[in-house]
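Asker: Okay, here's what each chain looks like letter by letter:
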Amino acid sequence: MLIEINDLNTFYGLSHALNNVSLNIKKGEIVALLGRNGMGKSTLLKSIMGLIKPKSGKIVFNQKNICGQSPHKIAAAGIGYVPEERRIFPTLSVLDNLKMGIKGGRINFSSPEAWTFEKIFHYFPFMRDRTHQKGGHLSGGEQQMLTIGRALMGNPGLLLVDEPTEGLSPAMVDTVRDILLDVRKSGVSILLVEHNFKMAMSVADRVYLMGKAHIGYSGTVEELANDPKTRTRFLEV
Amino acid sequence: MDPTTAMYIAQGMHGIAYGMVLFLLASGLTLILGMMGILNLAHTGFFMLAAYFGYQMVQWTGSYWAALAAAPLVTAVFGILMERFLLKKVHVYGPMAELILTMGVSLVILDGVKVIWGSQSLPLSPPESLQGLVNIFGMQYPAYRLFIIFLSLLVLFIMGVLLYKTRMGMIIRAAVSDAQMVDALGINVPVVFMLVFGIGTWMAGVAGVAIAPILTVSPGLASQMGMDAFIVIIVGGFGSLGGAFLVSLICGLLSSYGIQFLPQYSAVLIFIFMAVVLAVKPEGLFGEKT
Chain A
1 MLIEINDLNT FYGLSHALNN VSLNIKKGEI VALLGRNGMG KSTLLKSIMG LIKPKSGKIV
61 FNQKNICGQS PHKIAAAGIG YVPEERRIFP TLSVLDNLKM GIKGGRINFS SPEAWTFEKI
121 FHYFPFMRDR THQKGGHLSG GEQQMLTIGR ALMGNPGLLL VDEPTEGLSP AMVDTVRDIL
181 LDVRKSGVSI LLVEHNFKMA MSVADRVYLM GKAHIGYSGT VEELANDPKT RTRFLEV
Chain B
1 MDPTTAMYIA QGMHGIAYGM VLFLLASGLT LILGMMGILN LAHTGFFMLA AYFGYQMVQW
61 TGSYWAALAA APLVTAVFGI LMERFLLKKV HVYGPMAELI LTMGVSLVIL DGVKVIWGSQ
121 SLPLSPPESL QGLVNIFGMQ YPAYRLFIIF LSLLVLFIMG VLLYKTRMGM IIRAAVSDAQ
181 MVDALGINVP VVFMLVFGIG TWMAGVAGVA IAPILTVSPG LASQMGMDAF IVIIVGGFGS
241 LGGAFLVSLI CGLLSSYGIQ FLPQYSAVLI FIFMAVVLAV KPEGLFGEKT
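Chains as they are written, first to last, in the working numbering: chain A, 1 to 237; chain B, 1 to 290.
By construction, these hints were calculated from the structure, which means they are not laboratory data.
The model shown is predicted, which means the values in this text are computed figures rather than measured ones.
Hints may be right or wrong, so weigh each one.
Straight-line distance between alpha carbons at most 30 Å, and here's what the computed DSBU-like set of lysine-lysine pairs gives [what the hints assert, rightly or not]:
no., chain 1, residue 1, chain 2, residue 2
1, A, K64, B, K165
2, A, K55, B, K165
3, A, K119, A, K134
4, B, K88, A, K55
5, A, K103, B, K89
6, B, K88, A, K53
7, A, K103, A, K73
8, B, K165, A, K134
9, A, K99, B, K281
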């Protein structure tokens, strides 16, 4: 297992946001985390990243317990985060936003797997001509691409992606799908929170469904595809 | 040059000199506020403390240059200690606790300098090479004030290079807009915070030693220039260095020309300026709407 989460509990004040959540991801696997709004999907990603401190539980990543550590330590351990709110740096140029993602500030050109500006531009050609434009001047969709690029520049072993296709045009949704599949090919695992059910089902290997603050179902994409009852229970409004 | 024009220009240069020192003081304040969300009420206390350190250093070594080099560094060490051992502890209790803590530290500094150096004003003379007047295009101008303008420009240049030409600067600018996200990218933000706090108090220290020969060293120094520094960061926009620079110069010019043309109102001009700006742009000239 690349990451194993056991009995994770997270609170927002008194409200129990994650209740004994357990989840695991193998190397090179795309796992979709689906559910209605407010069930705790984003909270789970933030808890893994260390942006919210879990109250109890274990998060073992590459055989090390990272639960409760600072975000920068968790990032250095090899987890990349693409937040829902994008959170690009508006006053920095597109290129500097990408540079912010590079661990230690240096690209490791000796590793053929390492992400470079060139590879990012290959997927998101709009960035190539606009490297000096401020991040804040990009459109919402372009900012979303930049967030993904920024996270990839850190060469994560596990990528946490929160609603990457929200507000994107269908063409851009396809680009995101392609890049997620290509990232997986290079051995990177992905935990994907996604509202677009079709898109999630088309890239994922396995699916977890969240009910209020807990995991209510887990299974492969095929199993869920043949289980309309469960889909109704956890996904339909 | 005819004497009237010379007087106007000299008065303008006085304003610029004051404005530049004000900027050194305010830029640290606005940087710490923008990045860490902490309004450091002790900042002006450190500024005053540096002036006392400078005074003491001159007493010991006889050299203004030694004071200018060492006093801001010692001040920065005090600033870093406060960030590491006090602010970090109260951070979990939220911004109000941090505000109260910095206010407490400023009171300790204020009373501390009275206990050690007394309440009277202490003189700090500029170095001999900078005493007297220099001749600029036929105008006589105090050499020391000219030096202050150049010193501030030098610090400004160093800051500009650091902020816009280095990776550390890029990280600082990113952290001003979203420190948590910077941390989530694998950068040790607490260490960056400490560094910024150190740089901020160092600049306050340079400002303190630079202004001391003009205003003398006294416990009143903190409130005297401190009020102006807070106005600068409010009007300039929280976290905006460009805003702080512009408003510092405006403040300096307002106060020097105010004294010349409207002496009875000069003290309130700056407040009127602040009120007008905030009425039109409540987030400050370069502030972001929140």
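Asker: Between A/K64 and B/K165, is the straight-line Cα distance small enough, at 30 Å or below?
Answerer: Violated - the C-alpha atoms of B/K165 and A/K64 are around 37 Å apart, more than 30 Å.
Asker: Given the proposed pairing of B/K88 with A/K55, does the C-alpha separation stay at or below 30 Å?
Answerer: Measuring from Cα to Cα gives roughly 21 Å; hence the hint holds.
Asker: If you draw a straight line from the CA of A/K103 to the CA of A/K73, is it 30 Å or shorter?
Answerer: With a Cα-Cα distance of about 11 Å, the restraint between A/K103 and A/K73 holds, given a limit of 30 Å.
Asker: Mind checking the alpha carbons of A/K119 and A/K134 for me, to see if they're no more than 30 Å apart?
Answerer: holds (21 Å)
Asker: A/K55 and B/K165 were given as a pair; does the straight-line alpha-carbon distance stay at or below 30 Å?
Answerer: Given pair A/K55, B/K165 is violated - Cα atoms ~41 Å apart, limit 30 Å.
Asker: Regarding the pair A/K99 and B/K281, is the alpha-carbon distance no greater than 30 Å?
Answerer: violated (34 Å)
Asker: For the pair supplied as a hint, B/K165 and A/K134, confirm whether the alpha-carbon distance does not exceed 30 Å.
Answerer: At roughly 16 Å apart (the allowed maximum being 30 Å), A/K134 and B/K165 satisfy the hint.
Asker: Run the distance test for B/K88 versus A/K53: straight-line Cα separation, threshold 30 Å.
Answerer: Satisfied, since the Cα-Cα distance of roughly 17 Å is no more than 30 Å.
Asker: Can you confirm whether the C-alpha distance between A/K103 and B/K89 stays at or below 30 Å?
Answerer: Holds - the C-alpha atoms of B/K89 and A/K103 are around 28 Å apart, at most 30 Å.
Checked against the numbered hints above, the structure violates hints 1, 2 and 9; every other hint is satisfied.
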